[in-house]
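Q: Sequence:
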Amino acid sequence: MRVVCQRVKKAKVSVEQKIVGQINKGYLLYIGFSVDDNLEKVIKMAHKISKLRIFEDKQGKLNFNLEQVHGQILAVSQFTLYGDVKGNHRPSFTNALNPEEANKLYQLFVSELSKLFDVETGIFQAHMEVESINDGPVTILVEY
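So for the sequence shown, this note's numbering puts the first residue at 145; every next one is plus one.
For the record, the hints were derived by calculation from the structure and aren't laboratory data.
Keep in mind that a hint or two might mislead.
To be verified - With beta-carbon atoms standing in for the labels, derived distance ranges:
1) H191 x R234: 27 to 37 Å
2) K188 x N168: 26 to 36 Å
3) V213 x H233: 39 to 49 Å
A virtual CB, placed ideally from N, CA and C, is assigned to each residue, including glycine.
Put together the whole structure using the sequences plus the hints.
A: Right, here's the structure in full:
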């Protein structure tokens with residue numbers, strides 16, 4: 145499982161020019177699942193994301209987590225995080241989990257985070273337009 149976590153001032157996702165999810169201060173998460181992922185990894189990842197300290201304190205150190213800054217989450221599924229271009233120019237997605245299983249894990253991940261935070265989402269498997277104002281920028285890749 146891979147999650148690209150971007151600290152944002154605001155973000156929104158649209159499908160067919162209609163906004164389907166938007167947040168103010170918080171995390172924009174791009175989430176991808178591999179053929180090796182399972183329920184246990186998803187729960188661990190949700191816990192890890194909930195505890196990430198990537199917001200600055202008064203001294204400018206990354207000491208605050210999302211809960212401490214009353215932030216939100218915009219979660220966007222993205223199988224292309226498992227695109228492999230080794231020896232090729234066109235990505236291969238053989239390591240990405242099939243859509244049916246990936247959607248189940250994605251829904252579980254969102255559900256786990258929703259227990260603690262206000263979570264908005266894109267639409268699984270839809271062609272989406274994502275807009276964000278990165279803060280920092282701070283972008284962290286988290287893998288399990």
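Q: Work down the list of hints and note, for each, if the structure agrees.
A: Against the structure, the hints:
Range check, H191 to R234: Cβ separation about 36 Å, and the 27 to 37 Å hint holds. Under the hint 26 to 36 Å, the C-beta atoms of K188 and N168, about 27 Å apart, fit the expected range. Checked against the hint of 39 to 49 Å, the C-beta distance between V213 and H233 comes to roughly 41 Å, which is consistent with it.
Hint check: no violations occur; every hint is consistent with the structure.
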